[in-house]
Structure formats: structure tokens, C-alpha cells
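Work out the full structure: start from the sequences and follow the hints.
Listed below, chain by chain, are the residues.
Number of protein chains: 2
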Amino acid sequence: MRKIELVLALDVLEREKALDIANDVKDYISHIKVNYPLVLSCGVGIIGELSKIKPVIADFKIADIPYTSEIIARIAFENGAKAVIVHGFAGRETVKAVLNVAKEFDGEVYVVTELTSSEEFFKGISDKIAKMAVELGCHGIIAPSTRPERVKALKEIVGDIKILCPGIGAQGGSLEVVKYATHIIVGRAIYNSKNPKKSAEEIYKKLSQLD
Amino acid sequence: MRKIELVLALDVLEREKALDIANDVKDYISHIKVNYPLVLSCGVGIIGELSKIKPVIADFKIADIPYTSEIIARIAFENGAKAVIVHGFAGRETVKAVLNVAKEFDGEVYVVTELTSSEEFFKGISDKIAKMAVELGCHGIIAPSTRPERVKALKEIVGDIKILCPGIGAQGGSLEVVKYATHIIVGRAIYNSKNPKKSAEEIYKKLSQLD
Chain C
1 MRKIELVLAL DVLEREKALD IANDVKDYIS HIKVNYPLVL SCGVGIIGEL
51 SKIKPVIADF KIADIPYTSE IIARIAFENG AKAVIVHGFA GRETVKAVLN
101 VAKEFDGEVY VVTELTSSEE FFKGISDKIA KMAVELGCHG IIAPSTRPER
151 VKALKEIVGD IKILCPGIGA QGGSLEVVKY ATHIIVGRAI YNSKNPKKSA
201 EEIYKKLSQL D
Chain X
1 MRKIELVLAL DVLEREKALD IANDVKDYIS HIKVNYPLVL SCGVGIIGEL
51 SKIKPVIADF KIADIPYTSE IIARIAFENG AKAVIVHGFA GRETVKAVLN
101 VAKEFDGEVY VVTELTSSEE FFKGISDKIA KMAVELGCHG IIAPSTRPER
151 VKALKEIVGD IKILCPGIGA QGGSLEVVKY ATHIIVGRAI YNSKNPKKSA
201 EEIYKKLSQL D
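Chains C and X, in that order, give the protein sequences. For the first sequence, our numbering begins at 1 and goes up steadily by one. For the second sequence, our numbering begins at 1 and goes up steadily by one.
What the hints contain is simulated information worked out from the structure, not anything from laboratory work. Note that this is a predicted model, so its numbers are computed, not measured. In this text, a Cβ means the ideal position worked out from N, Cα and C, and glycines have one as well. Worth double-checking, as some hints may not be accurate.
[Claimed, not checked] Pairwise CB distance ranges, derived in the manner of DEER restraints: (1) C/Lys179 x X/Asp160: 47 to 53 Å; (2) C/Leu13 x X/Asp160: 44 to 50 Å; (3) X/Gly172 x C/Gly48: 36 to 42 Å; (4) X/Lys152 x C/Gly48: 42 to 48 Å; (5) X/Gly124 x C/His139: 25 to 31 Å; (6) C/Glu16 x X/Leu136: 45 to 51 Å; (7) X/Gly45 x C/Glu202: 37 to 43 Å; (8) X/Glu135 x C/Glu16: 38 to 44 Å; (9) X/Gly124 x C/Asn100: 48 to 54 Å; (10) C/Ala170 x X/Val134: 29 to 35 Å; (11) X/Gly172 x C/Glu14: 41 to 47 Å.
[Stated by the list, open to error] Keeping only pairs whose Cα atoms sit at most 27 Å apart, straight-line, the calculated DSSO-like set for lysine-lysine is: (12) C/Lys128 x X/Lys123; (13) X/Lys3 x C/Lys123; (14) X/Lys128 x C/Lys131; (15) C/Lys123 x X/Lys123; (16) X/Lys96 x C/Lys123; (17) C/Lys131 x C/Lys179; (18) X/Lys123 x C/Lys152; (19) X/Lys123 x C/Lys96; (20) C/Lys155 x C/Lys96; (21) C/Lys197 x C/Lys152; (22) X/Lys123 x C/Lys131; (23) C/Lys123 x X/Lys194; (24) C/Lys155 x C/Lys131; (25) X/Lys155 x C/Lys123; (26) C/Lys128 x X/Lys128; (27) X/Lys96 x C/Lys155.
[To be verified] A short list of chain X residues far from chain C (calculated; beta carbon distances all over 10 Å): (28) Glu14; (29) Asp27; (30) Ser30; (31) Ser208.
Following this line, the structure appears as C-alpha cells:
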């Protein structure tokens, strides 16, 4: 049976709270996804601390010129990240620059194909981004659970690389995407829960049953 | 005579060096643009420190869902940024979320229309992004000096809002864009110079003469 992994999007702002929640739910998650709100609030060192609990994905949605993107990716990996997220929209040269750094650290690169919140400027482009991600040898894509039909189409393009789907829970995404996803990313439904461990366990079990 | 301002892109990694260079060149620049390499390396507090020298533009190229983008913008403004940079391709809702935070702080929002490094996925879209920036009441756009003809076209769309052009210097952009730009962003040609003050002065004078 295909295993769907649960990724915790840990978008809290306090170090102690982040570490507490991560420790609390670690049995049910495969990775911790860290974004700028947490890193800006308590310093990039939090990546290393969380990495002791579970592998960290630095969700920096890197979208800069290659020169700057490479530096940002390097800082993430040097601080212990196992993977970084880059915006495919930024173009092939940016993704290559990030991939080159990842190789040095034996790290992975996941490419955003489109955002859960908007397809306004992604229409007709996200398929091209997905193709590029495969061609360049990226390790996965980020695809929106808010548009399951898009995840299905993207799966047909990318084949067997990882497909990480955020947007289930607070953003109203559909669990239908478990048919195509390898990882489901959940944030607020866990970290804003009165009982994060119980919520993570419930989602974990639901994923196992649906699978 | 129309005045073209010089913005220092301060992409060094050390706090002392950043403060030294900023102090050194402050007579020739209107703003300091700070990106993630510096903020991740020495903490978000550097924005407040640099703000005492010149107004800071937080070049976080925000490109996330509205919920996360709002938090990132808030952290930038709370730490003293005068403006933030958001990626237009992230969509209207993201730009609106950032604008709402900016209003609370009397701050400004500049929208990336396309990157200097790549037009791969921006073709046919950057004009729409520029239109959106004006419609939503953004304060400026970022446009690539590496493609002066694009800056010209974007200027026709956005009219009198600010046009900030990076890419002159290390990226090989054209000074032709001073015809359309309000701000020229220069990084490496100043901060990697043996004499940043002299280099900034030279660029400042060149901009005045060309103007």
C-alpha cells in the first residue's frame, strides 16, 4: 500500500511553541516545513533545532535571481535543512542555482507549480513549471489541494517525483488529492488545535485509511 | 530636472560590514534595500539598525499565500522597514494582504513585474502584473534594467508610480532605463568595490548627468 506522509507546516512565531508542537506530533509526521514567519521571528538557527526532531523543509519560496537564490538556499542547508522550496516561476536559472547548492548538501529541491491561493498568473504556466522541475532533476513539486484536478494533471506530468500538497484544512483543500500526492502538508489544523498531538494523530489515521 | 534616486542593495552577510558600508555611502543613496541573505545571516533586527541610516526596503520578494504573506510583511514593517517588495505573480490576494499591512505602518509596497534574470515565465504576464499593481494602489514596481524595452513598456502601463530598476552593474543592465526609472538599484558594484563610497559617488554623479 502506498504510504502518504504528513508534513507539519509549523507557522508559529515562538521558538518554544515550535519545539513543543514538533516534539508533540513527531510520531505522526515525516517532515517539518518551516517558513519565514518562524525563521524571521526566532532566527534561522531554529532549523537546526527542529532538524533534531524531524527533517526540515525550508519553505522559503525562493523567487529571486540565481545569485541571491543560491545564497538563500545555502543558508538554509548550512543550518540543517534537508530540502528547500523554490518558485518555478522564477525561472530555470534560479532553480538550477538552488539545485547546485542542494547537491553539495545532499539536499532536495521542491518546486512550487502554483499557489493554493491563486491561479491568476499561473494558468497555462504551472504545467510548464512542472515539466521544467522534472527535466532539471528536482525532487518534488508543490501542488494545490484546493484544485484537485490540477494536482491530477501535474501528477501526469511529473510522474514519480514527490508531490507535496498544502491547503487541506484551513484553506479548504480536498483530500481527493491523496490519490496523487506523496505528502500532505497541514499547518493550522494542527498547530492551532487545542490538542495538536490528537489532531495530528487523527489526520495521520485518516490519511492511512484513505490511502 | 527629474531626480533619479540611487538605492543600495546591501547583500552582504555580516552586520558590521553592512552598517559600515551603509554609513559610508549614505550621502549618495535614498534607500537601503535588504534581502534575505543579510536578514537570515544576522537577524531581522538589522532592518531597524539600517533604518537609522536610510529608509529600508525589505526585498523579501514575498510570494506566498495571503495568510503567510501578511505575517512576513508585518514582521518587516514592525522591524522598521519603510517598504516591502512582493511578487506580483503570487496574485492579487497576496498583494492586497501585503498592502493592508503596509497601510497600518504608513509603508509602501513595490511589486516585482519580472526578474532581471529570467523572462521565461513572465512573458505576457508582467504587463498584467503592472496593471494590477496600479489598480490596487501599490506604490511602485520593480522592473529589469537588463531589458530596457520592457521597462519602457511597463512605464507606459504604470504611469507615475515609482519604478525601481535593479540589474545595472554586475548583471549587465542598461543605464538606458534612467529614462523611465525613478530609482536605480545597485548592489555588487558598490558593496564589492574596494572603495564603496567612491563607487557610490561615481554612480550617483553618472545618474545626475544622464538624467
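Okay, the hints, checked on the actual structure:
1. At roughly 50 Å, the beta carbons of C/Lys179 and X/Asp160 sit within the given window of 47 to 53 Å.
2. Range check, C/Leu13 to X/Asp160: Cβ separation about 38 Å, and the 44 to 50 Å hint is violated.
3. Here the CB-CB span from X/Gly172 to C/Gly48 is close to 37 Å, well matched to the stated 36 to 42 Å.
4. Here the CB-CB span from X/Lys152 to C/Gly48 is close to 47 Å, well matched to the stated 42 to 48 Å.
5. With their beta carbons about 29 Å apart, X/Gly124 and C/His139 fall inside the hinted range of 25 to 31 Å.
6. In this structure the hint that C/Glu16 and X/Leu136 lie 45 to 51 Å apart at CB is violated, the actual value being about 38 Å.
7. At roughly 39 Å, the beta-carbon separation of X/Gly45 and C/Glu202 lies within the given 37 to 43 Å, and the hint holds.
8. Evaluation of the 38 to 44 Å hint for X/Glu135 and C/Glu16 yields a pass: the beta carbon distance comes to about 42 Å.
9. Range check, X/Gly124 to C/Asn100: Cβ separation about 29 Å, and the 48 to 54 Å hint is violated.
10. For the hinted restraint 29 to 35 Å between C/Ala170 and X/Val134, the CB-CB distance of approximately 31 Å keeps it satisfied.
11. Evaluation of the 41 to 47 Å hint for X/Gly172 and C/Glu14 yields a pass: the beta carbon distance comes to about 44 Å.
12. The hinted pair formed by C/Lys128 and X/Lys123 meets the criterion: a straight-line CA distance of about 13 Å does not exceed 27 Å.
13. For the given pair, X/Lys3 sits about 39 Å from C/Lys123 by alpha-carbon distance, which is inconsistent with the 27 Å threshold.
14. Only pairs whose Cα atoms come within 27 Å are accepted, and X/Lys128 paired with C/Lys131 is accepted, the gap being roughly 24 Å.
15. A hinted pair counts as satisfied when its Cα atoms are at most 27 Å apart, and C/Lys123 with X/Lys123 qualifies at roughly 13 Å.
16. Distance restraint check for X/Lys96 and C/Lys123: the Cα-Cα separation of roughly 20 Å lies within the 27 Å cut-off, and the hinted pair is therefore satisfied.
17. Proposed proximity of C/Lys131 and C/Lys179 is supported: the alpha carbons are some 20 Å apart, at most 27 Å.
18. At most 27 Å may separate the alpha-carbon atoms for a hinted pair to count; X/Lys123 and C/Lys152 meet this at roughly 26 Å.
19. With a C-alpha separation of about 20 Å, the suggested pair X/Lys123 and C/Lys96 falls inside the 27 Å cut-off, and the hint holds.
20. For the hint pairing C/Lys155 with C/Lys96, the CA-to-CA distance comes to about 22 Å; that is within 27 Å, so the pair holds.
21. Distance check on the hinted pair: C/Lys197 and C/Lys152 sit about 30 Å apart at the alpha-carbon level, beyond 27 Å; violated.
22. Among the hinted pairs, X/Lys123 with C/Lys131 is consistent with the structure: their alpha-carbon atoms are about 18 Å apart, no more than 27 Å.
23. For the suggested pair C/Lys123 and X/Lys194, the alpha carbons sit about 46 Å apart, so the restraint of at most 27 Å is broken.
24. Pair hint C/Lys155 plus C/Lys131 holds up; C-alpha atoms about 10 Å apart against a cutoff of 27 Å.
25. Pair hint X/Lys155 plus C/Lys123 holds up; C-alpha atoms about 25 Å apart against a cutoff of 27 Å.
26. Restraint check for C/Lys128 and X/Lys128: the C-alpha separation of about 19 Å stays at or below 27 Å, so the hint holds.
27. Distance restraint check for X/Lys96 and C/Lys155: the Cα-Cα separation of roughly 31 Å exceeds the 27 Å cut-off, and the hinted pair is therefore not satisfied.
28. Here X/Glu14 stays apart from chain C, with its beta-carbon at least about 13 Å from theirs, past the 10 Å limit.
29. Distance check on X/Asp27: its Cβ is at least 26 Å (rounded) from any Cβ of chain C, clearing the 10 Å threshold; non-interface status holds.
30. Against chain C, the non-interface label of X/Ser30 holds: every CB pair exceeds 10 Å, the least being about 21 Å.
31. A cut-off of 10 Å between C-beta atoms confirms that X/Ser208 is not in contact with chain C; the least separation is 27 Å.
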